[in-house]
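J.: Protein chains in written order, with this note's numbering: chain A, -10 to 274; chain B, 60 to 708.
Calculated directly from the structure, the hints in this document are not laboratory data.
On a predicted model such as this, the values are computed, not experimentally measured, just so you know.
It is possible that part of the hints are untrue.
[Claimed, not checked] Distance condition first, Cα-Cα at most 20 angstroms in a straight line; then the derived EDC-like pairs of lysine to aspartate or glutamate:
(1) A:Lys62 - B:Glu508
(2) B:Lys639 - B:Glu695
(3) B:Lys282 - A:Asp72
(4) A:Lys214 - A:Glu135
(5) A:Lys245 - B:Asp325
(6) A:Lys149 - A:Glu183
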Amino acid sequence: MSRKYKIILYVLFCLATVAYFVWFLKTNTIAVLDPKGIIAHKQRDLLQITTLLMLIVVIPALFLAFFFTWKYKEGKKSKYTPDWDNDILTECIWWAFPSVIVIILSVLTWKSCHELDPYAPIVSDVKPIEIQVVALQWKWLFIYPEQNIASLNFVQFPEKVPIDFKITSDAPMNSFWIPQLGGQIYAMAGMSSELHLMADEPGTFRGCSANLSGIGFSGMSFDAKALTAVDFESWVESVKASSKTLNFESYQELVKPSENNPVSIYKLETQDLYHQILMKYMPGN
Amino acid sequence: MFGRLTLDAFKHDAIEYGAGVMMVLSLLAVIGLLTYLKKWKWIWEEWLTSLDPKRIGVMYVIVSFIMLFKGVTDAIMMRVQQMFAAGDVAGYLTAPHFQQIFTAHGTTMIFFVGMGVIFAIMNLILPLQIGARDVAFPFLNSLGFWFFTAGGSLMLISLIIGNFSGAGWVSYPPLSGIQYSPDVGVDYWIWSVQIAGVGSLFSGINFLVTIFTMRCPGMTFMKLPLLIWSILGSLVLIIFAFPILTATVGMLTLDRLLDMKFFTSDFGGNPMMYINLIWAWGHPEVYILILPAFGIFSEVVATYSSKRLFGYVSMVGSIIAITFLSFIVWLHHFFTMGAGASVNAFFGIMTMFIAIPTGVKVFNWIFTEFRGRVRFDSPMLWFMGFVIVFVTGGMTGMLLSIAPVDFQVHNSLFLIAHFHSMVIGGVLFGFFAGFTYWFPKFTGFKLNEKLGKLAAYLWIGGFLVAFMPLYILGLMGATRRLDHYDSSTGWQPLFIIAGIGGFIVSCGIAVQMWQLWVSFRDRKQNKDTTGDPWDGRTLEWSTTSPPPIYNFARIPVVHDIDAFWDRKNGKFPEQKKPYKPIHMPKSSSTGFIVGWLSFIVGFAATWHILWLGIAAVIGIFISLIVHLAEKEPEFEISVAEIETIEGHV
Chain A
-10 MSRKYKIILY VLFCLATVAY FVWFLKTNTI AVLDPKGIIA HKQRDLLQIT TLLMLIVVIP
50 ALFLAFFFTW KYKEGKKSKY TPDWDNDILT ECIWWAFPSV IVIILSVLTW KSCHELDPYA
110 PIVSDVKPIE IQVVALQWKW LFIYPEQNIA SLNFVQFPEK VPIDFKITSD APMNSFWIPQ
170 LGGQIYAMAG MSSELHLMAD EPGTFRGCSA NLSGIGFSGM SFDAKALTAV DFESWVESVK
230 ASSKTLNFES YQELVKPSEN NPVSIYKLET QDLYHQILMK YMPGN
Chain B
60 MFGRLTLDAF KHDAIEYGAG VMMVLSLLAV IGLLTYLKKW KWIWEEWLTS LDPKRIGVMY
120 VIVSFIMLFK GVTDAIMMRV QQMFAAGDVA GYLTAPHFQQ IFTAHGTTMI FFVGMGVIFA
180 IMNLILPLQI GARDVAFPFL NSLGFWFFTA GGSLMLISLI IGNFSGAGWV SYPPLSGIQY
240 SPDVGVDYWI WSVQIAGVGS LFSGINFLVT IFTMRCPGMT FMKLPLLIWS ILGSLVLIIF
300 AFPILTATVG MLTLDRLLDM KFFTSDFGGN PMMYINLIWA WGHPEVYILI LPAFGIFSEV
360 VATYSSKRLF GYVSMVGSII AITFLSFIVW LHHFFTMGAG ASVNAFFGIM TMFIAIPTGV
420 KVFNWIFTEF RGRVRFDSPM LWFMGFVIVF VTGGMTGMLL SIAPVDFQVH NSLFLIAHFH
480 SMVIGGVLFG FFAGFTYWFP KFTGFKLNEK LGKLAAYLWI GGFLVAFMPL YILGLMGATR
540 RLDHYDSSTG WQPLFIIAGI GGFIVSCGIA VQMWQLWVSF RDRKQNKDTT GDPWDGRTLE
600 WSTTSPPPIY NFARIPVVHD IDAFWDRKNG KFPEQKKPYK PIHMPKSSST GFIVGWLSFI
660 VGFAATWHIL WLGIAAVIGI FISLIVHLAE KEPEFEISVA EIETIEGHV
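Hey, can you work out the whole structure from these sequences and the hints?
T.: Okay, here's the thing in structure tokens:
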């Protein structure tokens, strides 16, 4: 095969690859790039701005690397200065150039770390809803202390209402993550971490554990569903009418290791169950 | 009598048996070959007990290659599992087995491939480049190597006896605690890492002292070759970071053995402490691996551009900056643990600062090519692959350093794609460039260039196919370490592409093995008679290939950077002083014996066989005392012998 055909084949292959990826990105939901909540929105924007800023340095670097390798290839008769090894001005440029970008990014980091702090409540006129999350071996328990209900491997909340997640674990460490609504935080035994999220529209979003927690870890994904306030209220009522109840005693059954548990819903009998789970790890208990 | 060890430890599924049988057969094949060729005496006297850093370096290369082969096999097994295990298909691996594989993969690649290849480079190149005949503490060097090998072997034996840890390569508690991981897996991890870690610390001290005390006359710090500067940075990190690892893993051991509750969730223990400590070692560890790779590229780019390295002072400054900064960024491994916004921001910004010196280094390499004469041999091909992969990986690394972005990609496959870009694109490509570059120095013949280029293309191409889809998968919400996922996620096509990439990389490895064989077969044609096949610049090229045991018949005198290049071009010619007798260390079997006794200590501690452990520890003490009491650990090479070796009577 001649060199020319090789190059044509190579270019065609690259074009086909790019075309495939463009098609793939168009036809699939890229959760982080397709946010459905205010936090995920801001995180997506931050990701995009940062990427663009860095391309200012990365593109010239890649271009120069290829250009110089081609231009100064042996036998090209380009200029040759074997002993030229420093130049204050040029070196200053590439100390300064990335430094400026990094300083801009640092400012952005400082601001966004405070604005998007997972512990910071979302500013809104609507009263937030508190949902307590417990990572178990290997399932997620969601407790609604105000509604007096609980659910397993399934969480539901009204749209456009700030959600105040309180997260702990009665198992090895997990990480609570709903990509389309916003970033994750660790769930640790004996500690209560917080995550504030809000859904902008109704929909079902995939949630999961992002941190290895033992053999059932892969099955720890769940559906997070946002729905209208009215639908949410009627769902809460229907759960309250259900026959299954959750209290500290029945929780002892639930805490035993099990994998790929189906969704279930409970009427909550022990109202401070979350607190009791936390206190299991305190000295003297 | 045998602690926890019962016959159940030998029960496995078919795949594990297959791996175990393969391993035993390979070992038997090596033993058989040595017996058939009657080489036992040779291998014992010339290699296993040798204190010559060139010999120890070659052994490091061999052990690292074996471990690389194992680590890649693990990787391919994971790729294949994830290609198929969607929806109703469970895949061919069970969850516990899959988790052992990724734990073993990470442990192997970092501790026994990454550390192995950098110590190989140090042993082989460092004394030669600084114009020394030996290292500062030859016995400590041998001890370090055998600890490294014993740690690796302990991990391998878990394939046959018992099982390995499934708690991930950094073993976060409480998962790695006795409550959630009661079996021997985590203990195997602990003792392999512990034994190898002590070895790394010994080697680190030895090489640091070597650089400080054994440079040849005239080689001041600002005339050191850049590889040595990079290694110096790496050694400083080893000496500060590895004691943290030893202490942390030691506390985990106490938790597991004696129920001490350092890192448990209850009774006042704190798993977050472990996570902080392990990354206080873990982040410098990344730079321990990458800095020597930077050094290799500095040598390769200057040599193949036939030009002095651009911006030496900037390069040294960058290395020092990276060394310092790498100790104040560890928290970026767990922004998601819930530290305050200001803490997260501080560590994020410090992380970004590392990008500045790293960027400067990349620009300096590129400007070394500017107005040079670039020979596009395979080491340069590895360099170009490195630039592409490392620059994109660096960019995603910057994204990860911004905490709010990190919340969205942490522990996802995006992270996996990022750090494989750094470790494969940086460390491994750097090592392959160096391997091709220095191969003739130690064997006396060059590697087949055509196959070398093919292997590099397959590796670089395969890497891109295997890891670029992972960036997208991460953004789709695919987390790491999944043995199974739902088909509604739409991830499977990308997992299949990634699997194909893994296959291409395997082809690259096959070509590399073929290349070694072909080069060995044609060694007469590819012979390097000059000692300087690439028109090199530094002192290692001024001696023969392979170098004599004493490296230099006369200790060189250095006047400037690139000492050998200057000498070849008529500046500062070599002074032909008469030879003097040379003293070299005698071989010693103590390193070998102590190393394998430490393996027994690790095995006994894993299985709780008290008497065996105590016996092995006593053995270690006796061996060391006997060795240290020996009177004459050196032998003399007379002037007549030097003249014979140097080829003039």
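J.: Determine which of the earlier numbered hints do not hold for this structure and return their numbers in increasing order.
T.: none
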